[in-house]
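Number of protein chains: 4
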Amino acid sequence: MRFSRPKQPWFVVVLLLLAGVARAEVRHPIHFPDLPDHKTLACDLHMHTMFSDGQVWPPVRVAEAWRQGLDAIAIADHIEYQPHKDDVPTKLGRSYELALDGAKTANVLLIRAAEITRDTPPGHFNALFLDDVKPLATEDFVDAVGAANKQGAFVFWNHHGWKGEEKGRWLDVHTTLYEKKWLHGMEVCNGDSYYPGAHQWCLDKNLTMLGNTDIHEPDLRKQSAPGDHRTMTLVFAKDRTPEALKEALFAGRTAVWFNNQIIGRPEWLAPLLDRCLRVAAPHLRSKDALWVEIENVCDVEIQLDRVGNVGPARLALPAGTISLVKIDTPTPSEPLELAYTAANFLIAPGKGMPVTLRIAGETKPK
Amino acid sequence: MRFSRPKQPWFVVVLLLLAGVARAEVRHPIHFPDLPDHKTLACDLHMHTMFSDGQVWPPVRVAEAWRQGLDAIAIADHIEYQPHKDDVPTKLGRSYELALDGAKTANVLLIRAAEITRDTPPGHFNALFLDDVKPLATEDFVDAVGAANKQGAFVFWNHHGWKGEEKGRWLDVHTTLYEKKWLHGMEVCNGDSYYPGAHQWCLDKNLTMLGNTDIHEPDLRKQSAPGDHRTMTLVFAKDRTPEALKEALFAGRTAVWFNNQIIGRPEWLAPLLDRCLRVAAPHLRSKDALWVEIENVCDVEIQLDRVGNVGPARLALPAGTISLVKIDTPTPSEPLELAYTAANFLIAPGKGMPVTLRIAGETKPK
Amino acid sequence: MRFSRPKQPWFVVVLLLLAGVARAEVRHPIHFPDLPDHKTLACDLHMHTMFSDGQVWPPVRVAEAWRQGLDAIAIADHIEYQPHKDDVPTKLGRSYELALDGAKTANVLLIRAAEITRDTPPGHFNALFLDDVKPLATEDFVDAVGAANKQGAFVFWNHHGWKGEEKGRWLDVHTTLYEKKWLHGMEVCNGDSYYPGAHQWCLDKNLTMLGNTDIHEPDLRKQSAPGDHRTMTLVFAKDRTPEALKEALFAGRTAVWFNNQIIGRPEWLAPLLDRCLRVAAPHLRSKDALWVEIENVCDVEIQLDRVGNVGPARLALPAGTISLVKIDTPTPSEPLELAYTAANFLIAPGKGMPVTLRIAGETKPK
Amino acid sequence: MRFSRPKQPWFVVVLLLLAGVARAEVRHPIHFPDLPDHKTLACDLHMHTMFSDGQVWPPVRVAEAWRQGLDAIAIADHIEYQPHKDDVPTKLGRSYELALDGAKTANVLLIRAAEITRDTPPGHFNALFLDDVKPLATEDFVDAVGAANKQGAFVFWNHHGWKGEEKGRWLDVHTTLYEKKWLHGMEVCNGDSYYPGAHQWCLDKNLTMLGNTDIHEPDLRKQSAPGDHRTMTLVFAKDRTPEALKEALFAGRTAVWFNNQIIGRPEWLAPLLDRCLRVAAPHLRSKDALWVEIENVCDVEIQLDRVGNVGPARLALPAGTISLVKIDTPTPSEPLELAYTAANFLIAPGKGMPVTLRIAGETKPK
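Quick note, the sequences are listed as chains X, F, A and G, same order.
Those letters in the first sequence? Residues 230 to 595, per my numbering, in order.
Those letters in the second sequence? Residues 230 to 595, per my numbering, in order.
Those letters in the third sequence? Residues 230 to 595, per my numbering, in order.
Those letters in the fourth sequence? Residues 230 to 595, per my numbering, in order.
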C-alpha cells in the first residue's frame with residue numbers, strides 16, 4: 230500500500246524483498262570508458278508515455294533510465310497522435326513536467342522533446358531541447374520543424390525505414406529541411422531495427438547518428454546487460470549537462486549501441502575502442518609463441534578479424550572479461566603490431582573499424 | 230572429441246555463446262497442482278493503474294499477468310484517491326473497460342473491482358465482482374461497503390496492519406460489517422508484508438485469506454519464479470471461470486503464496502502438499518538404510534522438519550527438483566510412515582502443516 | 230575439510246551455502262514426455278575419466294549425470310590411449326568399478342563400456358554393455374570389435390567426421406563390421422559437432438542414431454537447461470533398466486538432443502512431438518480469427534514453419550512456455566487441421582518433421 | 230516504432246532471443262581495488278586433487294582459478310591420507326608438477342604446497358612455498374612442521390574447528406609450534422565454515438588470517454560472482470609474484486572474503502573499504518535534505534549501520550552498483566562527516582569496521 234507515495238519519486242522507495250531483507254533499488258552503471266577529452270553519456274532520446282500512445286506514467290521513464298545506468302533521456306510524445314485523449318486530454322509537454330522532479334532527484338538529465346508525427350512521407354521527427362512544445366502543433370509539417378528550429382532544437386528523422394510505400398526514401402521535403410539546416414540527425418537504429426540506408430546518409434550528408442528505443446511499454450530490464458540492453462546513443466560530451474549534450478549532438482559526436490554492435494564515425498570509434506581494450510605485456514614466451522591477456526572493459530563483446538599475417542584469425546572478446554591469446558610467432562626484438570578489424574564496430578554499413586593490437590617486445594618482459 | 234586436446238591448455242576450448250533472433254513474448258506457467266475436485270487458480274486481486282495512483286495504462290496489468298502465468302486479476306483502483314485527476318479525469322471503472330479486450334485475448338480472467346479507500350480506521354477495502362463501481366462512491370463508508378454487497382460483491386480488508394495509530398486493530402466498524410456479513414476476507418499478505426494478526430482473525434472469524442501485490446509500478450518480472458514471484462492468492466475453484474472463482478472465494482477455498490511460504494487452512498494445504506510431493510519407492514536398500522528420491526513438483530521449496538524418530542531431521546526440497554534422501558533404518562516389512570511438519574506451509578501464525586511421508590515396504594521393491 | 234568423506238558418495242554431502250543455509254545438492258529433471266509404450270531415458274553414452282585422458286575421478290561422472298537429470302551413462306575410457314599411465318597405471322574397466330557404488334545410490338544406470346581407439350581409418354568405436362573390457366585390448370582392430378560383440382555389446386562409431394584425411398569416409402573396414410552385424414550405431418552428434426553424413430548413413434543402413442558429449446573435463450552445468458544442455462541420446466525403452474536400454478538401442482529407438490534440435494526417425498519423433506505440444510481449444514473467436522494457446526512442455530523450443538494456407542507462417546514455441554497464437558480464419562464448423570513442419574525436429578539432414586496442429590471446431594467451445 | 234501497435238495485444242510483439250555460436254572460455258576478473266602501495270591478490274591456498282582425496286586431475290584446478298579470476302592457488306594434497314593409492318600410487322608433489330605448465334600459460338601463480346594431515350589434535354596444517362614435499366613425510370608431527378620450516382615454508386593451521394573431541398582447542402603442541410615460530414597463520418574460514426575462535430587467536434597471537442575452499446570436487450562456478458564465490462584470501466602484496474605473495478603472508482597483510490563478508494585487520498580493511506566506496510558530491514539539495522550517489526565498486530555488498538545522528542540508519546550498497554541516498558539535513562557550510570560501521574567488514578568476531586562517509590559541502594556544488 231503506497232497511498233501517500235506519489236509525493237516523493239517512487240524509484241527511491243521501491244524495496245525488494247530479497248532473501249528476507251528489504252533493499253532499495255539500485256543503479257547499474259553502463260561500462261563505456263570516457264574519451265580523453267569527453268565524457269561518454271548513455272542516452273535514449275526517443276520514448277513515449279501515457280500522454281501519447283505509451284503505456285506508462287512519465288516518472289516510470291526516469292526510474293527505468295536510472296536503474297539501467299542512463300545519463301540522459303528525452304520523452305518524445307507524439308504531438309498529433311493522441312489515442313488516449315478521451316481519457317487523458319491532450320496536454321503537450323505535460324510528460325516532461327511530470328517527470329522532472331524525479332529526474333532531478335535521480336540525477337538523470339531530462340530533455341524536453343516532442344515527436345512531430347506525420348504519415349510517410351515525410352515520416353516522424355523528434356525535436357529535442359524545446360522550450361515549449363505547443364508552437365510545434367501546426368498543420369504544415371515544414372512549419373512544425375521550423376517552429377522547433379526557432380527554439381534552437383536538435384531535430385532528427387526517426388526510424389526512416391518504417392512503414393508505407395515511400396518508407397526509406399529521401400524526398401524533396403527532406404531536402405528542404407536539410408538545406409534549411411533544420412534536420413540534424415537520423416535514427417540509424419530504432420528498437421530492434423537497424424537502417425543501413427540511414428547509416429549511409431548520415432555519413433554522406435554529415436548528419437548525427439542516433440539509436441533509441443522508441444519504447445511504449447514498461448521496460449522490464451533491471452540493468453543494461455551486455456546481452457540484453459536498450460538500443461541507445463552514446464554521446465561524447467564535454468560535460469554531463471544538457472548544454473554539453475546539445476553541443477555534442479550538433480557536433481555529431483555520437484555512437485549507437487545496438488545489439489552488440491557499436492555504430493559511428495571512425496574518429497569516435499577509434500578512441501573508444503582504444504580505451505575498451507587492454508592488451509597486457511606477454512606473460513609467457515616460448516621459442517615460437519607468445520601468450521597475452523587481453524581485457525575488454527566495456528559492455529559489448531569485441532569481435533576481431535585478423536587483417537595481417539600474425540595473430541589468431543578471429544578473436545571474440547566478451548564484455549567485461551579477459552581472454553588468453555596465443556600468438557604464434559617467435560619472440561620479436563621490436564614490439565609487434567597486429568592488424569585487425571573490429572567487425573562489430575561499424576564505421577559504414579558492413580564495414581568494421583580497423584584496429585591495431587600492440588604487443589610489447591622482449592625488452593619489456595613481465 | 231578432444232583426443233589431442235591435452236597438448237594445449239583446455240580453457241581455450243570453445244564454448245557456446247548466444248546471439249540474437251526476434252521472438253514473441255510467452256506465458257510462463259505457474260506450477261501448483263490442481264486438487265482432486267478443484268482447479269488451482271493463481272490470482273492477484275489487488276493492483277492499480279493510472280486511473281487512481283498507479284503508474285501504468287490498464288492493459289499493462291493484463292500483459293504482466295499473462296506472461297507470469299496468472300489465471301485471474303482484479304484492478305482495484307481507489308475510488309476516493311485520485312492523485313492524477315488533473316491530468317486523467319476521474320472515471321470510475323474505466324480501467325476495467327480498457328483492460329477487458331486484452332484480457333479476453335490473453336485468456337486472463339479480469340474481475341471488475343474497486344478499492345474503497347478511507348483513512349484508518351476503518352482502512353481500505355476491496356470489492357470484487359462489481360457490476361458498476363459508481364454506486365460505491367458515497368460519503369459514508371458503511372454505505373459504500375453496503376453498495377458493493379448489494380451487487381453481490383466479495384469484500385475484503387486490505388493490508389490491515391498498514392499505517393495510522395489504529396492500524397491492525399479490529400474496531401466497531403469492522404464488527405458492524407462482519408455482523409452484516411458484508412466482510413468476507415482479509416489480506417493476510419500484501420506485497421512484501423505478512424500480517425499474523427489478519428491471519429489469526431481469518432481463522433477465528435472464518436474469513437477468506439488473500440494475498441495480493443497491491444502493485445502500483447510496472448511489474449518487471451518475466452515470470453513467477455520460485456525465488457522471485459508475486460504475492461498471490463491460490464484459489465481452489467470448480468472451474469476456470471469468474472463465477473467459479475467467486476464461489477470459491479466466498480467458500481474460503483484459498484491459500485496465499487508469499488515469499489516461499491504457503492499460508493492457508495489445513496483442509497486445502499493437505500491435498501495441495503500431497504500433490505506437490507512425489508515420494509518414489511526406495512531404489513536402494515542396505516542392511517540399515519534406505520535410499521529414496523523425493524520430487525517437489527511445485528514452485529515453492531518445501532521445508533520439512535522431522536516430528537517422529539525416523540528420517541533426516543530436516544529436509545529442504547527445492548522447487549521443481551528431486552532430492553536424494555537417505556533414511557537410516559533397517560528395511561521394514563511394512564511401509565514406513567515418516568512424520569514431518571512442513572514448516573513453510575502455515576496453517577496458523579508460526580504453525581506448520583503436519584505431513585506424512587509414506588515409504589513403500591520390501592514387498593514393493595523397485 | 231572432508232577427510233573421511235570418500236566412504237560415502239559425495240553428491241549426497243551438502244554442498245551449497247545459499248543465503249546462509251546449507252543445502253543438499255538436487256537433481257533437476259529433464260522434461261521430455263514418455264511415449265505411449267516407452268519410457269524416454271536421457272542418456273550420455275560416451276565420456277572419459279582419469280583412467281584414460283579425462284580430467285576427473287569416475288564418481289564425478291555419476292554426480293554430474295544425477296544433478297542434470299540423466300537416466301543412464303557409459304564411461305567409455307580409451308583402451309589404447311592412456312596418457313596418464315605414468316601416474317595412473319592402466320586398469321581397463323576400473324572407472325566402471327569406482328563409479329558403481331555412487332551410481333546405485335543415485336539411481337543412475339551405469340553401463341560398462343570402453344572406447345576402441347585407432348587412428349582414422351578406422352577411427353574410434355564405443356562398445357557398451359561389456360562384461361569385461363580386457364578382451365578388447367587386442368592388436369587387430371576388427372578382432373577388438375569382434376571381442377566386444379562376443380560379449381553381446383552394442384557397438385557404435387564415434388564422431389566419424391573427426392580428424393585425418395580419411396575422416397568421414399565409409400571404408401572397407403566399416404563394410405566388414407557392418408556385414409558381420411558388428412556395428413550397430415553411429416554418433417550423429419558428438420559434443421558441439423553434428424555430422425550430416427553419419428545422420429544419412431544411419432537412415433540408409435538402419436543404424437541407431439546417438440548423440441553424446443565425449444566429455445573429458447568436469448561438466449560445469451548444474452542442470453540440463455533448454456539453452457545449455459548436454460548433447461545426449463533419448464532412448465525410448467520399455468523400462469528404466471540396463472536390459473531395456475540395451476534392447477531399445479539395438480532396436481534403434483532413439484533420438485538425439487543437440488543444440489535445440491531433436492534428430493531421429495519419424496516413427497519416434499512423431500509421438501514425441503505429439504506429447505510435447507498441447508494445443509488448447511480456442512478461447513476466443515471473432516468473425517475472422519481464432520485465438521489459441523499452445524503449450525510446449527518439453528525442453529527444446531519447437532520451431533514450426535507453415536506448410537498449408539492457414540495459421541501464422543512461423544511459430545517459435547519456447548521450452549516450458551505457453552504461446553498465444555492468432556489464426557486468421559472464420560470459425561469453422563469442423564475442426565481445423567493446420568499443416569506445419571517442425572524445422573528443428575530433423576528426420577533427415579536438413580529435413581524437418583511434418584506435424585499437424587488440430588484446432589477444435591465450434592462444437593467444442595471452451 | 231510501434232505506432233499502430235495498440236490495435237493488437239502488445240504481448241505478441243517480438244522480443245530478442247539468443248541462439249548459439251562457439252567461443253573460447255574467458256577469465257572473469259574479481260573486483261577488489263588495489264591498495265595505495267599494494268596489489269590485491271585473490272588467492273585460494275588450500276585445495277585437493279586426485280593425488281590425495283580430491284576428484285580432479287591437477288590442471289583442472291588451474292583452469293578453475295583462471296576463469297574465476299584468481300591470482301594464486303596452492304594445491305595442498307594430503308601427505309599421509311592417500312585413499313586412491315591403489316589406483317594412483319603416491320607421488321608427493323606430483324600434482325604441482327602436472328599443474329605447472331597450465332599455470333604458466335594461464336598466468337596463475339602456482340604455489341608448491343602440501344597438507345600435513347594428523348588426527349585432531351594436532352589437526353591439519355598446510356605448508357606453502359615448499360621446495361620439496363618429501364622431507365615432510367616423517368612420522369613425528371612436529372618434525373614434519375619443522376621440515377617445512379627448514380624450507381622456509383609458510384605454515385597455517387587448517388579448519389581448526391573441525392572434527393574430534395579436541396577440535397577448536399589450542400593445545401601444548403600448538404604452543405610448541407608457535408614458540409618455535411613454526412606456525413604463521415590460521416584458516417579463519419574454510420569452505421562454508423567460519424571459525425570465530427581462530428579469528429580471535431589470529432588477533433591475539435598475531436597470526437595471519439586465511440580463508441580457503443579446501444575443495445575436493447570440481448568447482449562448477451564460471452566466475453566469482455558477488456552472490457556465489459569461493460571462500461578466498463585477499464593478499465595485499467608488493468607485486469604479483471610468488472615472492473611478494475610470500476612476503477605479504479608472513480607480514481599478515483590479508484583479508485578473507487567469505488559469504489559476503491570481509492574479515493581482516495583494520496589496517497588493511499580501512500584502505501580497502503576506502504577504495505571500494507565512491508561518494509559523489511550531492512547532486513541535489515533542498516532546504517532540509519541532500520541527495521547523494523554512492524557507488525560500491527567491489528564484489529561484496531557493503532552493509533552500513535549508522536553510528537552518528539545524520540544519514541539513513543542503515544545502508545545496503547550492493548556490489549557493483551550505485552545507490553541513491555537521501556540525507557535529511559540542511560545544507561551544511563562545511564563538509565559533512567557521517568559516522569557508520571561496515572557491519573560485514575569484520576575486524577574482530579562480531580565487530581564491524583568503523584567508516585566515515587564524507588559529503589562535500591556547499592562550496593562544491595555539482
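Warning: the hint list may mix true and false statements.
Copies of the same chain look alike in the list, so a pair counts if it fits in one copy or across any two.
Simulated pairs of lysine-lysine, DSS-like, Cα-Cα distance not exceeding 30 Å [what the hints assert, rightly or not]:
(1) Lys451 x Lys379
(2) Lys268 x Lys475
(3) Lys434 x Lys320
(4) Lys363 x Lys320
(5) Lys555 x Lys467
(6) Lys555 x Lys333
(7) Lys516 x Lys333
(8) Lys363 x Lys314
(9) Lys555 x Lys314
(10) Lys333 x Lys314
(11) Lys268 x Lys320
(12) Lys467 x Lys410
(13) Lys555 x Lys379
(14) Lys434 x Lys314
(15) Lys410 x Lys314
(16) Lys555 x Lys451
(17) Lys333 x Lys409
Hints in this document: simulated from the structure, not taken from any laboratory.
> Can you list which hints this structure breaks, lowest number first?
Replying inline: 1, 3, 11, 13, 14, 15, 17
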